[in-house]
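> Given the coordinates of chain A, assemble chain B onto it according to the supplied hints.
Number of protein chains: 2
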Amino acid sequence: MTSPASGTPLTYDQAGVNYDLIDPLKIAAQRAAAATGAHLGGHGFSEVAASRGESAYVVDVGPMYLASIVECLGTKTLVADEMARLTGKSHYDSIAQDTIAMAVNDLITVGATPLVVQAYWAAGGSDWFSDAARSQALVAGWKKACDTCRVAWGGGETPALAGIVADGRVDLAASCTGIVSPKSRLSLGDKLGAGDAIVFLAASGIHANGLSLARKLAERLPQGYLTDIGNGQTYGDALLAPTALYSPVTEALAAAGIVPHYSANVTGHGWRKLMRHPKALTYRITAVPPKTAVLDFMQRECQLDDHEAYGTLNMGAGFALYLAAGDAQRAVDIARSSGVEAMIAGQVEDGPKRVVIDPLNVTFGGDELQLR
Amino acid sequence: MTSPASGTPLTYDQAGVNYDLIDPLKIAAQRAAAATGAHLGGHGFSEVAASRGESAYVVDVGPMYLASIVECLGTKTLVADEMARLTGKSHYDSIAQDTIAMAVNDLITVGATPLVVQAYWAAGGSDWFSDAARSQALVAGWKKACDTCRVAWGGGETPALAGIVADGRVDLAASCTGIVSPKSRLSLGDKLGAGDAIVFLAASGIHANGLSLARKLAERLPQGYLTDIGNGQTYGDALLAPTALYSPVTEALAAAGIVPHYSANVTGHGWRKLMRHPKALTYRITAVPPKTAVLDFMQRECQLDDHEAYGTLNMGAGFALYLAAGDAQRAVDIARSSGVEAMIAGQVEDGPKRVVIDPLNVTFGGDELQLR
Chain A
3 MTSPASGTPL
13 TYDQAGVNYD
23 LIDPLKIAAQ
33 RAAAATGAHL
43 GGHGFSEVAA
53 SRGESAYVVD
63 VGPMYLASIV
73 ECLGTKTLVA
83 DEMARLTGKS
93 HYDSIAQDTI
103 AMAVNDLITV
113 GATPLVVQAY
123 WAAGGSDWFS
133 DAARSQALVA
143 GWKKACDTCR
153 VAWGGGETPA
163 LAGIVADGRV
173 DLAASCTGIV
183 SPKSRLSLGD
193 KLGAGDAIVF
203 LAASGIHANG
213 LSLARKLAER
223 LPQGYLTDIG
233 NGQTYGDALL
243 APTALYSPVT
253 EALAAAGIVP
263 HYSANVTGHG
273 WRKLMRHPKA
283 LTYRITAVPP
293 KTAVLDFMQR
303 ECQLDDHEAY
313 GTLNMGAGFA
323 LYLAAGDAQR
333 AVDIARSSGV
343 EAMIAGQVED
353 GPKRVVIDPL
363 NVTFGGDELQ
373 LR
Chain B
3 MTSPASGTPL
13 TYDQAGVNYD
23 LIDPLKIAAQ
33 RAAAATGAHL
43 GGHGFSEVAA
53 SRGESAYVVD
63 VGPMYLASIV
73 ECLGTKTLVA
83 DEMARLTGKS
93 HYDSIAQDTI
103 AMAVNDLITV
113 GATPLVVQAY
123 WAAGGSDWFS
133 DAARSQALVA
143 GWKKACDTCR
153 VAWGGGETPA
163 LAGIVADGRV
173 DLAASCTGIV
183 SPKSRLSLGD
193 KLGAGDAIVF
203 LAASGIHANG
213 LSLARKLAER
223 LPQGYLTDIG
233 NGQTYGDALL
243 APTALYSPVT
253 EALAAAGIVP
263 HYSANVTGHG
273 WRKLMRHPKA
283 LTYRITAVPP
293 KTAVLDFMQR
303 ECQLDDHEAY
313 GTLNMGAGFA
323 LYLAAGDAQR
333 AVDIARSSGV
343 EAMIAGQVED
353 GPKRVVIDPL
363 NVTFGGDELQ
373 LR
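Protein chains in written order, with our numbering: chain A, 3 to 374; chain B, 3 to 374.
Source of the hints: derived by calculation from the structure; they are not laboratory data.
Among the hints, erroneous ones may be present.
If chains are identical, the list can't say which one is meant, so a pair holds when it fits in one copy or spans any two.
What the hints assert, rightly or not - Capping the alpha-carbon separation at 30 Å, the derived lysine-lysine pairs in DSS-like fashion look like this:
1) K28 <-> K91
2) K146 <-> K28
3) K91 <-> K355
4) K91 <-> K293
5) K193 <-> K28
Okay, chain A solo, but in the shape it has when bound (with noise of 0.2 Å):
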């Protein structure tokens, strides 16, 4: 068992991620790209506009909608990278999962089928490849995670980046491109209202957000990596357990004809995610899933509570599909038979956007979700 830490809460703004400084940047950029969506008249297709701000960008190219996305895997290497330093083991695999599951999760929210995923491993050098063992395990948990999402893997780059990544490190992003089809599988949540279910897919432990936070308790840690988070394993090895792939539960939901109408992939910012749709609604969590050992370590030794810790991290709840009332059993069964654990969490109502979470006491205003 670990002991505390030390006496003050670690909280997110402490682990380094500035969003204050990105954020400017992030609104130039999403209003320049919004200008150039009519260029696709000019080649007959039009934009789904509702998709700008949306996880995944849509277009519609006639007979379907293309959907594509580019994400960032983060910094969970570097815990991938000393756990090997202090065990000799390579968790590329996991990684490898993880990097495909950004994109792949993502790209799902919008009821896309998945189809290709473009790999973009960038080193720190060459001589990042120089270690079979890793490497292979990249290549061999890239495949794996593709044959679990059905999806062909195109290909990509693999640049050696000296003086850019740094020296010993590399840099993990996946492209994905997907298709909706037919086209009323669209769900972009214009159909999303009160009296929607909202049913939570489990998450696999901390997935690839809250990494920053996750490394710098570990600094805090008298055993870091290797401290029991009390049911044996490590902290090392329970924080790089990979991230779950959900598009085998909403291509199964997509089969017994149930069309979502809106998913959200809970990732960055947690349950405040909850409420990304631009509609002012009120989410009413009723049911809260299993935190997952390695989250309920973590909020405690970083003494979050629980506003804290379920506005930041994932909590056990992966992904969010708000369905009709009456698919809502159906959808959680289905999820189980495509070997996702799942559970009814509570519904939409009519109110002032937030996320309302009975159990915890907790509420996320609309003003603590700033995405668009």
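Structure of chain B alone, referenced to chain A:
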């Protein structure tokens, strides 16, 4: 004018990129990726197998082909950063165009119309984005390149990756998705053969390949990036000329009913890329374009012979079109009308796989390009 930098030639191998270390991983990745193509059958689609190993991956989705790609800029930002330090001027508008060009110029080789670009801007820390002039230049240049290519900027990622991306640096990449429509525009080389004309589209400078060598040379020049390359321009400014965007040309060709038999984006490996198609054919170049001032300077200062220079850098030829001979002059005229200088440079012949540059007495054998 410059003083001779040193007595010894400077080659690409010395510049620190060791392809031998990267290639085994690439080969393992390519094999694993190839095994995933069959997944598309589960969705009612199929991969276009001939696109494996080409510059973009192509999927048959029924009424059209889908093409996708992710491409890295490379290390050109290091030149921009150094020039910003020396002169105070941000070149990130040009850098943005370079990044988009890397993706778009590859995507169009298969006959695709680029539709959506996603931005991948991974910084060494949140504070990278606090340089407002640089950020605004990046956004403005990105939008302008999208405007030129008439693509929609779908969105992207702006992660802050302290510990992975070096402090003060940014790792730039772009993904691009497009369609081949009508399907008859697909150009994967099945019609490529003896008698085809080779048309070169002019390069605008070094583009984004060979920058490791270019930076190494700067270290050897007494005045570094501020060296006058002989035309009043500094070496740094000349290097930072943005990469030409060729999709306006390929779209204009399509509009005129000209479908190239094959296309090659002349990037890494220089003119060896002219034989990138797996067919055993001889590519005879009978006329060489102007090198552009900066490549002429580099060849001289690095003391590269023509075999080394043309096998590494674009040497004025940014993109090659392989066309029915009767279409060649019209293609040149259409390119010029689209604002891109072009020339008939040679022809395809029966014979062993090689590139023969008659005016320079240089030949690249098939064994000098291992891409697959």
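> If a hint holds in the structure, say so; if it does not, say that too.
Now the hints, each set against the structure:
no., hint, result
1, K28 <-> K91, "between (37 Å within a copy, 22 Å between copies)"
2, K146 <-> K28, "between (33 Å within a copy, 17 Å between copies)"
3, K91 <-> K355, "neither (46 Å within a copy, 44 Å between copies)"
4, K91 <-> K293, "within (26 Å within a copy, 50 Å between copies)"
5, K193 <-> K28, "within (28 Å within a copy, 45 Å between copies)"
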